[in-house]
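Chemist: Protein chains in written order, with the numbering used here: chain A, 1227 to 1574; chain B, 684 to 1002.
Hint data in this document are derived by calculation from the structure and do not stem from the laboratory. The reader is advised that the hints may include incorrect statements.
[What the hints assert, rightly or not] Mimicking DSS-like on lysine-lysine, the simulated pairs with C-alpha atoms at most 25 Å apart in a straight line are:
1) A:LYS1359 with B:LYS991
2) A:LYS1448 with B:LYS991
3) A:LYS1460 with A:LYS1442
4) B:LYS805 with A:LYS1566
5) A:LYS1569 with B:LYS999
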Amino acid sequence: MSNRVINILVPIISIIIGLIVGAIVMAVSGYDPVLGYSALWTGIFGDSYSIGNTIRQITPYLLAGLAVAFAFRTGLFNIGVEGQLILGWLAAAWVGYAFDLPKIIHLPLALLAAAAAGAFWAFIAGFLKAKFKVHEVIATIMLNYTALYIANAVIKKLSDGSFKTERIHESASLRSPFLRELTDNSSLHYGIIVALLMVVFMWFILEKTTRGYELKAVGFNKHAADYAGMNVNKNIILAMTISGMFAGLGGAMEALGTFGNASIKPGFTGIGFDGIAVALLGANTPLGVVFGASLFGSLKYGALNMPNAAGIPEEIVSIIIALIIFFVASGYIIRVGLQKLSKKKEGQ
Amino acid sequence: MSFLEMLYFIIPSAILYATPLIFTAIGGVFSERSGVVNIGLEGLMIVGAFVGIYVNLEYASTFGAATIWVAMLAAMIIGGIFSLFHAVASISFRADQTVSGVAINLLGLAVSVFMVKMIYDKGQTDTITHSIDRFAIPYLEKIPFFGPLLFQNVYSTSILAFAVAIGAWFIIYKTPFGLRLRAVGEHPMAADTMGVNVNKMRYIAVVISGALGGLGGAVYAQTITHDFSHATIAGQGFMAIAAMIFGKWHPIGALGAALFFGLAQTLSIAGNQIPYIENVPAVYLQILPYVLTIFALAGFIGKANAPKASGQPYIKGKR
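Chain A extracted, bound-state conformation:
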């Protein structure tokens, strides 16, 4: 079996095992797995309303996945997508309601603000890594909570003690009456186009520019990159900043598309951490991220139908996603298994 085939088989096998274990968990807990999975299916594809909302759910997952994947490709683990996304969310909402501008300026400005906020927050981690050798995993975890508390405090301040900001103006909104009508009044918005453009953008940087080549080189082997005359520290900072930009835009999708404001959050949104799963499943490639985000976004949204239609807690889907991460991360053992299997076949 070629390496390429194995690389594609590992995530697929992981998904299948994840779904099987999920079914076993449901059966052991006294629920009907068939009923559960059919409720999940209807929750995702049941009608045009569900499909619209599923795509809406996929949108921030795409951007969170891109953020994690981009950092991974350059040898960095951005576990701070969550914090960058929260700040992007806040920045987009603030620009959305604080300014009065024509749509053609206002919407791009709000998106830009979100991207800048996320990029800045990730820049801090990149700077700390380049300058002080602070491991980016720990730095971004710490920055996640810092972002959460700061955002909550700012929202409280902006709204004079309330728990959410004003609604964004129509001129900054990603909402689309056309898409709504098409999908039976779902909350589908134009954000999906922004997200898909970003997928192309990531592919373009990494595959078609010198800068992208350098970023990947630093990710592969920073000593070799250094020896070849590349500025490793500059590339680390740049990589984190671009990664944070994707994350910030993920927040803008929620602010300008789905919710239309920013509200105080008791905890994390979970999108950032699920972004790790998305990137991992997609092997950190832009196309892979589209696949990963579609799967996890669909599962997450479809799960909401499970308590009503099948009486099963929606957390079963989070269990399945966590298991899939375990299996993909343990890809080594699946590879060994596959290689043994293919050797046996050759021996026969």
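Got chain A sorted already, so can you dock chain B onto it with the hints?
Modeler: For chain B alone, kept in the frame of chain A given last:
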């Protein structure tokens, strides 16, 4: 409120909030000292909190006053077992330890909330009837100043936490087991050459961290929240990681850092009732532990260095 009254109010409360952090951070010390990064402490605390509350609710009538201890023991055992997911993935299957830790966090929360909904048919458990209570230590409470400060409102779990910290220090620095533990975390190949079973040591360390994380969760739930829902443990595990780093991967350092973060938490919650700091916005105190940890890592407050082999799976024969 006089200055003394204020101290008598703040310090016991700081110790209360620090206690779960101490257990969990010490667990993190064990795991990281052996070379396994454990981002999953949050998930392990969640599982521990759920198990603690579940056992407390279901078996209170059987065990009476001993319920809290049974609940904590159960949380330790289940926490230890649950951490095997992380151990198997990151030690035997060579998974990225950070990814596996993230999966532990997701899984811990999902499984716990799933079970709560399955058992109680709602998202939140009832409030426990037997919670861990404060007591006064005879004789010591009579000491002027220190008595009311430290010994009049004590939780038995806080005493246990100090004991665990000192015990961990002894084990890690004064026993052959501790020497091996540190060796596999610093230079696994050298340790292997000397006949230390690297993977076995790492398994033990991760399970210890799971047990202590579970204990930390159960203590938090039984002293502070008194019930379990998805938001019971919100960042305590990550704060324990911060305490472990701020304490420079040393049990006593972690103890000190946890106490300090406990103080910050108390002040951020009760700050508006306390003179001198009532005008400081809570957000500064909320972010303080995390910002300080970043400073510590950047070397502004003495350099904090992780064990050398931390984060890398050990593969025999690979240089």
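Chemist: Against each hint, give a clear statement of whether it holds in the structure.
Modeler: To see whether the hints hold, each was checked on the structure:
Distance check on the hinted pair: LYS1359 of chain A and LYS991 of chain B sit about 14 Å apart at the alpha-carbon level, within 25 Å; holds. Restraint check: the Cα-Cα separation between LYS1448 of chain A and LYS991 of chain B comes to about 19 Å, which is no more than 25 Å; the hinted pair holds. A hinted pair counts as satisfied when its Cα atoms are at most 25 Å apart, and LYS1460 of chain A with LYS1442 of chain A qualifies at roughly 13 Å. With a C-alpha separation of about 47 Å, the suggested pair LYS805 of chain B and LYS1566 of chain A falls outside the 25 Å cut-off, and the hint is violated.
Note on LYS1569 of chain A and LYS999 of chain B: the hinted pairing holds, with a Cα-Cα distance of about 23 Å set against a maximum of 25 Å.
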